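A.B. asks: Sequence:
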Amino acid sequence: MSQQEIVLEDENKEIKPPPYGLLVWATGNKSRPLARKLMEKLPDKQTQKRGLLVDDHLRLLGTDGIYAVGDATATKYAPTAQVAAQQGKYLASVFAALAPQEAANKAHSNSNADDNKKSSSQQPKLTNRSTTRTKDL
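With full-length UniProt numbering applied, the sequence shown corresponds to residues 1 to 137, in that order.
Calculated from the structure, these hints are not laboratory results.
Among the hints, a few may not be true.
As a list, the in silico DSS-like pairs of lysine-lysine whose alpha-carbon atoms are at most 25 Å apart [to be verified]:
| no. | residue 1 | residue 2 |
| --- | --- | --- |
| 1 | Lys89 | Lys30 |
| 2 | Lys49 | Lys30 |
| 3 | Lys13 | Lys30 |
| 4 | Lys13 | Lys37 |
Everything numeric in this text was worked out from a predicted model, so none of it was measured.
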């Protein structure tokens with residue numbers, strides 16, 4: 001492992017990067033450089049030195065579309081693996097719910113681009129990216 005790459009030894013003793021779609025890096029409870037940089041960039045919203053402040057949906061306060069879980073966050077919950085696992089499952093369900101919405105938004109945007117090429121009339125665009133419905137998950 002290095003700062004740029006994660007590698008594993010496979011059954012043939014070959015060392016290569018593992019295949020993955022989304023990488024979740026689980027670190028210790030010391031604040032990582034990324035978390036510290038986010039805190040520096042958002043001094044009005046990120047006021048806790050222990051970790052990143054998030055809302056009830058694990059969205060980083062002061063941002064749109066950044067989520068944080070586990071001991072990287074400063075929440076009312078204990079910074080334990082059990083809590084992080086629960087947060088991870090919750091966030092997976094949030095992402096699963098958002099994926100079709102994002103695909104619909106993209107398809108609608110592409111459709112609008114095609115329509116705009118054909119005519120000058122403006123089509124309404126889907127712009128609601130709210131995750132407030134995730135409370136129901």
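A.B. asks: Which hint numbers doesn't this structure obey?
C.D. replies: Checked against the structure, the hints that fail are numbers 3, 4, while the rest are satisfied.
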